[in-house]
Amino acid sequence: MSDEKLNKQTMLFSAENRYLCFSLGNERFCIPLLQVKEVIGIPEFTQIPYTPGYFCGIMNLRGKVISVIDMRKKLNITSKGDDENSVIVCDLDNITMGALVDSVDNVIKIEKDKILPKPNMQTSIKNDYIDGIIEHKNLIIVLMNLVKSLSIEDLVHIENSGS
Amino acid sequence: MDEDFELELRKVFLREADINLEEAEEAYLQFSQNPPSELLARCFRLAHNLKGSAKAVGFSDIAEILHRLESFLLKLKNKELNVSQKITNILLATNDKLKFIVEQIKINTDYKIDTKNIIAEIDQIQSEESGLPIGNAPNESQDLKEGDIFVLYDINEVEEAKNNILSNKIEEITKQKINTTKKIINEEVIRVSLNKIEKLQNYIGEIVIIESMLEEQIKQESNQNLKNYYRLLKKTTKEVQEIIMGLRLVPIKPAFQKLLRTARDTSAQLGKTVNVTFVGENTELDKFILDELSDPLMHMIRNAIDHGIEDNDERVAKEKMREGNISVNASHESGNLVITVADDGKGLNPTQIYESAVKKGVISEDVKLTDSQCYELIFAPGFSTKTETTEISGRGVGMDVVKTNIEKLNRKIEISSVLNMGTNFKIKIPLSVGIMEAFIAEISNQKFIIPVQQVIECLSLRKSNLTYLTGIENIIKLRDEEISVIDLSLGLNLHKKKEEKLKDRVIFIVQANAIKIGAIVDKVISIQSVVTKNLGEELRCESGIIGSVILGDGKVVPILEISQLVNSRNFQNNLQKSISR
Numbered sequence: 088m089s090d091e092k093l094n095k096q097t098m099l100f101s102a103e104n105r106y107l108c109f110s111l112g113n114e115r116f117c118i119p120l121l122q123v124k125e126v127i128g129i130p131e132f133t134q135i136p137y138t139p140g141y142f143c144g145i146m147n148l149r150g151k152v153i154s155v156i157d158m159r160k161k162l163n164i165t166s167k168g169d170d171e172n173s174v175i176v177c178d179l180d181n182i183t184m185g186a187l188v189d190s191v192d193n194v195i196k197i198e199k200d201k202i203l204p205k206p207n208m209q210t211s212i213k214n215d216y217i218d219g220i221i222e223h224k225n226l227i228i229v230l231m232n233l234v235k236s237l238s239i240e241d242l243v244h245i246e247n248s249g250s
Numbered sequence: 007m008d009e010d011f012e013l014e015l016r017k018v019f020l021r022e023a024d025i026n027l028e029e030a031e032e033a034y035l036q037f038s039q040n041p042p043s044e045l046l047a048r049c050f051r052l053a054h055n056l057k058g059s060a061k062a063v064g065f066s067d068i069a070e071i072l073h074r075l076e077s078f079l080l081k082l083k084n085k086e087l088n089v090s091q092k093i094t095n096i097l098l099a100t101n102d103k104l105k106f107i108v109e110q111i112k113i114n115t116d117y118k119i120d121t122k123n124i125i126a127e128i129d130q131i132q133s134e135e136s137g138l139p140i141g142n143a144p145n146e147s148q149d150l151k152e153g154d155i156f157v158l159y160d161i162n163e164v165e166e167a168k169n170n171i172l173s174n175k176i177e178e179i180t181k182q183k184i185n186t187t188k189k190i191i192n193e194e195v196i197r198v199s200l201n202k203i204e205k206l207q208n209y210i211g212e213i214v215i216i217e218s219m220l221e222e223q224i225k226q227e228s229n230q231n232l233k234n235y236y237r238l239l240k241k242t243t244k245e246v247q248e249i250i251m252g253l254r255l256v257p258i259k260p261a262f263q264k265l266l267r268t269a270r271d272t273s274a275q276l277g278k279t280v281n282v283t284f285v286g287e288n289t290e291l292d293k294f295i296l297d298e299l300s301d302p303l304m305h306m307i308r309n310a311i312d313h314g315i316e317d318n319d320e321r322v323a324k325e326k327m328r329e330g331n332i333s334v335n336a337s338h339e340s341g342n343l344v345i346t347v348a349d350d351g352k353g354l355n356p357t358q359i360y361e362s363a364v365k366k367g368v369i370s371e372d373v374k375l376t377d378s379q380c381y382e383l384i385f386a387p388g389f390s391t392k393t394e395t396t397e398i399s400g401r402g403v404g405m406d407v408v409k410t411n412i413e414k415l416n417r418k419i420e421i422s423s424v425l426n427m428g429t430n431f432k433i434k435i436p437l438s439v440g441i442m443e444a445f446i447a448e449i450s451n452q453k454f455i456i457p458v459q460q461v462i463e464c465l466s467l468r469k470s471n472l473t474y475l476t477g478i479e480n481i482i483k484l485r486d487e488e489i490s491v492i493d494l495s496l497g498l499n500l501h502k503k504k505e506e507k508l509k510d511r512v513i514f515i516v517q518a519n520a521i522k523i524g525a526i527v528d529k530v531i532s533i534q535s536v537v538t539k540n541l542g543e544e545l546r547c548e549s550g551i552i553g554s555v556i557l558g559d560g561k562v563v564p565i566l567e568i569s570q571l572v573n574s575r576n577f578q579n580n581l582q583k584s585i586s587r
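Sequences listed follow chains L and X, in order.
In case it helps, my numbering puts the first sequence at residues 88 to 250.
In case it helps, my numbering puts the second sequence at residues 7 to 587.
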């Protein structure tokens, strides 16, 4: 990520210390509230050929066409079922995308200095989508870097390699 | 005066100046050896109006230039001077300078204007061309309105008069006059940002979608009043929709005008006499496309004059008319804008192009090409048919830029040429970026959009004689042409339903790089105009899906580019898999 983007993100964190929490399976995640455009129910998708399995398809958001990605499939998390499923519409670096999640829980307020750094784990699994860890009311919440987790570069890459 | 108010006034002036100067340029370009008196009167009026406005908002320097220009034009109008090529050049040059000044002021309101040079030029040409003493007041003065009087004086006299009370009075009169002109301009045209129109367009799109949802509900309703009201609503929205779609459309005229200017400058520079004719200047097209098209067209005109048209003497030797002819034609053709640029010059020489391309390493020597493929070579980057580069062309921007720009608009450019008879470029572009005619096709229960422009023809699968070949693609024979046919559902890897509805299946014939391909779809649902939407960056991949469309029921449907799709690796892989199965 470039310095400029980092700066922009740092600014986002400090300007507004509020985060939207959501669940994927039994795990809890959050993203800066400033990235969230809106939360909607499950829309009707149109599938696009050749897209990877976690790509739900494209949808009509009041006249605008946006892509939706299933976060559970993307991060390999078993879903809790589709009772409360929602799509979080996010604005990321000029791209508007939807993230399909198990449930949207609440909005929390955390000072930036309370965010713990990502634990230094010895792991083979790519975890650069984690920006930090938040402890809130005895719950561990993962602060997610949406740009990395949705990984637009990945998508295009997979396309080009002809999976 | 309140500062904001003053700023606003200046803004209005700058906008007015833009329009005024454009109009003046157009008028000057129509000047011939003996221009009609209305034309001269119009130029005079334009300069006069702008001068008044400039004075009113405090741009006295601009006013001074325009004042001289005005006196000069008056002399022309009163036949004290005869219009010559030289004079037209000066007029155009002055107009350019004024344009430049206006642009500079837009950036910096305190821009210092150098009036001396411009005025000196005007004065010089006057004294050069005029045999008559300056200040010979004509007798027509009675015909002119009150506000015009002072310009009939000799310049020196006016300078003197400026100190008099008279001038104050005149200024007052001029101011009044300007106020009325301004009103007229504002009533006729207002400039709206494209952004606003786009928003409006998006909202009307939403309304249409909601309306179609409402329609479904109303079908089950028995209330006749409600149904009638709905019908009224629908009628009105349809009208509003049409108007909004039309808002983005502007006539091609300003682009033509720029071309005329380019042609004039280029031919003067090269010492060639060239007639340029324009047909269809009122043809409308999307503002966005017009902006994108302006540069390529200019380049094509320059090229036609530089490379296409021969020198005057050479033309005479070839028993052609001494003057070269270029005609630019704009028209609508089945929902497309078609622009042709044709010249009667020496035409393209395929052999010469081929040899030159080989020499430049654009193609290798053993490649065999048809004539039209040779013509295509002029679009290759780093290609120029001329041995030495001139000031006009060969500045690094070549026909490849033209092609890229046109392809950016998702359309192609065709060339036809006859040696020593001329060359014809034809560009076909959709009228508006947002709207197009398209087939809504069904492939394995999924809907896809196939733009009409892609398709050469459609055939019923049942009625065409398809030859099935094991292992490779199937083939149909169509008017002595063998065309390979591919089932799109196989390549798209969609689960095929049972082939019970064979009678509905359709073959679309498309063409890519001179090769025709047949593509089978299960069914054509309808042909209609659709509003296209871009896909996000995340889907910019080479899979042949170029965008999407929101249908009346709110559903999103992807747009296919068949030739791209069929050649994509994914498609070919899937096809191989399904064949080997």
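These are calculated hints, taken from the structure and not from any lab test.
Heads up, the beta-carbon is just placed ideally off N, CA and C, and yes, glycines get one too.
It cannot be assumed that every hint is accurate.
To be verified - DSSO-like mimics (lysine-lysine), calculated; alpha carbons at most 30 angstroms apart, straight line:
no. : chain 1 : residue 1 : chain 2 : residue 2
1   : L       : LYS167    : X       : LYS522
2   : X       : LYS561    : L       : LYS124
3   : L       : LYS151    : X       : LYS366
4   : L       : LYS151    : X       : LYS240
5   : L       : LYS151    : X       : LYS529
6   : X       : LYS92     : L       : LYS151
7   : X       : LYS244    : L       : LYS151
What the hints assert, rightly or not - To give a feel for the contact side, a few chain L residues facing chain X, derived at Cβ under 8 angstroms:
no. : residue
8   : THR133
9   : ILE135
10  : SER154
Do the hints match the structure? See the list:
1. At roughly 50 angstroms between alpha-carbon atoms, LYS167 of chain L and LYS522 of chain X are farther apart than 30 angstroms, so this suggested pair is violated.
2. Restraint check: the Cα-Cα separation between LYS561 of chain X and LYS124 of chain L comes to about 21 angstroms, which is no more than 30 angstroms; the hinted pair holds.
3. For the hint pairing LYS151 of chain L with LYS366 of chain X, the CA-to-CA distance comes to about 47 angstroms; that exceeds 30 angstroms, so the pair is violated.
4. With a C-alpha separation of about 22 angstroms, the suggested pair LYS151 of chain L and LYS240 of chain X falls inside the 30 angstroms cut-off, and the hint holds.
5. For the given pair, LYS151 of chain L sits about 27 angstroms from LYS529 of chain X by alpha-carbon distance, which is consistent with the 30 angstroms threshold.
6. About 56 angstroms separates the Cα atoms of LYS92 of chain X and LYS151 of chain L, which puts this hinted pair outside 30 angstroms; it is violated.
7. A distance of roughly 20 angstroms separates the Cα atoms of LYS244 of chain X and LYS151 of chain L; the hinted pair therefore holds under the 30 angstroms criterion.
8. Interface restraint check for THR133 of chain L: the shortest CB-CB distance to chain X comes to about 5 angstroms, inside 8 angstroms, so the restraint holds.
9. At about 6 angstroms, the closest approach between the beta carbon of ILE135 of chain L and any beta carbon in chain X falls short of 8 angstroms, and the interface hint on this residue holds.
10. Taking 8 angstroms as the C-beta cut-off, the interface hint given for SER154 of chain L holds, the closest approach to chain X being about 5 angstroms.
Taken one by one, the earlier hints fail for this structure at numbers 1, 3 and 6, listed in ascending order.
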